[in-house]
Amino acid sequence: DAKTTQPPSMDCAEGRAANLPCNHSTISGNEYVYWYRQIHSQGPQYIIHGLKNNETNEMASLIITEDRKSSTLILPHATLRDTAVYYCIVFSDNQGGKLIFGQGTELSVKP
Amino acid sequence: KAGVTQTPRYLIKTRGQQVTLSCSPISGHRSVSWYQQTPGQGLQFLFEYFSETQRNKGNFPGRFSGRQFSNSRSEMNVSTLELGDSALYLCASSKIQGGSYEQYFGPGTRLTVT
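Protein chains in written order, with my numbering: chain W, 418 to 528; chain E, 27 to 140.
Excised from the complex, chain W in its bound form (with noise of 0.2 angstroms):
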C-alpha cells in the first residue's frame, strides 16, 4: 500500500502557484519523498525528490516539513500544460525500481 495521502483534486489559476500537499507520517528516516505526475495518457513524469531539504529545480520546488511527516510540491507559475495527476511517492533505494503509486491528486489548471 502506497505510504502517502494526497488530497484527489484541486483547482489552480493560470499564473498562479500551485501548492500540492502530501502526508507521509509513517516515513523512514532512509526514504525519500518523490513527485511524479501523469499527463493524460502518457507514462508518469519525474518532477522533483528530496530527503530532507527543501530542493528546488526547473520544473517545481520541494518544501519538506522538518519532522518529514509532510511535504508540499510547489509549481511556481502554473500553466495549462500543468494539468495532471501528480503523484507522491516514499521510496528508499533498497526497494530496488518498485514505486508505489497511490492515487495522486488531480490538478486542473483553469484559464
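Treat the hints as calculated values from the structure; they're not laboratory data. In this text, a Cβ means the ideal position worked out from N, Cα and C, and glycines have one as well. Be a bit skeptical, because a hint or two may be false.
With a straight-line cut-off of 30 angstroms between C-alpha atoms, the simulated DSSO-like cross-links for lysine-lysine are [what the hints assert, rightly or not]: (1) W:K469 <-> E:K39; (2) W:K515 <-> E:K121; (3) E:K121 <-> W:K486; (4) E:K121 <-> W:K420; (5) W:K420 <-> E:K83; (6) E:K39 <-> W:K486; (7) E:K83 <-> W:K515; (8) E:K39 <-> W:K515.
Far from chain W, by Cβ distances over 10 angstroms, these chain E residues were calculated [unchecked claim]: (9) T40; (10) G54; (11) V58; (12) F86; (13) P87; (14) S91; (15) N97; (16) T106; (17) E108; (18) L109.
Some chain W residues close to chain E (C-beta under 7 angstroms, calculated; not the full set) [claimed, not checked]: (19) D428; (20) A430; (21) P461; (22) Y463; (23) G513; (24) K515; (25) F518.
With chain W fixed as given, assemble chain E onto it according to the hints.
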C-alpha cells in the same frame, strides 16, 4: 538524448493468446521496471530488471514474466491472456546513482484483450 521507447504502442489480442511487449531504456540506464495501469487499480508495479536479473517483483500471477538483455533492453510477456489484462503497460528506466533513483517512463503500450 532519446527517451524510453516502447513497442508496439497499441495491441489487440484475444483471450487465451500470449503477448510480448518491448522496452528500450535510455542509453546508459541499466534498470528497467514495468508497471500496469488500469482505471480500477491504478499504477501497479510488475517487476524490475537490473543487469539481466530480476531484482524485484510485484504481486502478479506467473503469467506475467519478463527478461532483460545485455544491452538493457527488456521484454515482458503475458501468457493466456484474460480480459482483465487489458491495460496500459508502462516501462521505466533508471540510471541508478547513489541516493538518486529517478525513473523515466515510456509512453506505454495499450493492450486490449477481447
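| request: Hint by hint, work out which the structure violates, then give me just those numbers in ascending order. | output: When the structure is compared with the hints, numbers 1, 6, 11, 19 and 20 turn out to be violated.
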